[in-house]
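J.: Given next are the chains, with one letter for each unit.
2 protein chains.
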Amino acid sequence: MRNLGTHLLLEMVGCKPEFLDNKEEICSALLRAATKARATVLGNSFHKFSPQGVSGVVVIAESHLSIHTWPEFGYAAVDVFTCGDRAMPHRAADYLIEAFAPTRHEIKAIPRGIPGPNPEMMVSERPTWSPPAERGWM
Amino acid sequence: MRNLGTHLLLEMVGCKPEFLDNKEEICSALLRAATKARATVLGNSFHKFSPQGVSGVVVIAESHLSIHTWPEFGYAAVDVFTCGDRAMPHRAADYLIEAFAPTRHEIKAIPRGIPGPNPEMMVSERPTWSPPAERGWM
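So the protein sequences, as listed, match chains B and P. Following the working numbering, the numbering of the first sequence begins with 1 at its first residue and continues without gaps. Following the working numbering, the numbering of the second sequence begins with 1 at its first residue and continues without gaps.
Chain B extracted, bound-state conformation:
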């Protein structure tokens, strides 16, 4: 694989239900987590469900962070996907674990990128890649 990024899948259990149902607090925590990861925030979209639960995504120049909560289970499913060498996705995860204070959590770290065996053969033009953190946006 030609590795282009790291995708953390974080499961947090035993979080306080009232925190998991608070859209504003969750949005603030995800935005702060993006900053902890040294990511550049481009946009976000958060939604509160009835009777309970929050879903939201923060788009960053380096990919995205997302969260989906089940207050009734004290459970949150979080993704931190960053590409490039500058961002530090584990710092975002560490911050979220501190903020959500789960009694238990689990992290899978999955490399993202061009799968093998011969990525060199797949596209004809191959300019030098700029890490997204160094890209601008329109």
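Take these hints with a grain of salt, some might be off.
Derived list of chain P stretches under chain B, where covered just means 3 residues or more per stretch with a C-beta under 8 Å from a C-beta of chain B [stated by the list, open to error]:
id	segment
1	1-11
2	53-59
3	66-78
Just so you know, the hints here were simulated from the structure itself, not pulled from any lab data. Every residue gets a Cβ at the ideal spot worked out from N, C-alpha and C, and that includes glycine.
We have chain B; now place chain P onto it with these hints.
T.: Okay, now just chain P, sitting in the frame of chain B:
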């Protein structure tokens, strides 16, 4: 694990660079993919990078779809995360593979939910769970 959803990680290689750089086409494809999965779209956020690349997320009542493209590599990293029994994430992935026409793709299907061993012990109140597809939103 108490399974609450399915998260597909789709890598697509050999896509047309001009398609991977077209924010409007990519946004339309992701929204159509959400419909194919029988998901309910709540919001979206898409961004065009300079000199190239698009990132975007569609928040659905059942979780989210996301995409990050590297036109210079003909590569796109896609996520389709749905919870509940009604949504059909593989249909979204199938549609995107048809729309992006990669020469090669790879899918990982990762179950998301409350990790074992004893999820029953973790929260005190446990009302009957409603699949998010049946939830309303505020």
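J.: Decide, hint by hint, whether the structure agrees.
T.: These are the hints, each one checked on the structure:
no., hint, result
1, 1-11, "holds (count 6)"
2, 53-59, "holds (count 5)"
3, 66-78, "holds (count 8)"
In terms of the numbered hints stated before, the structure departs from none.
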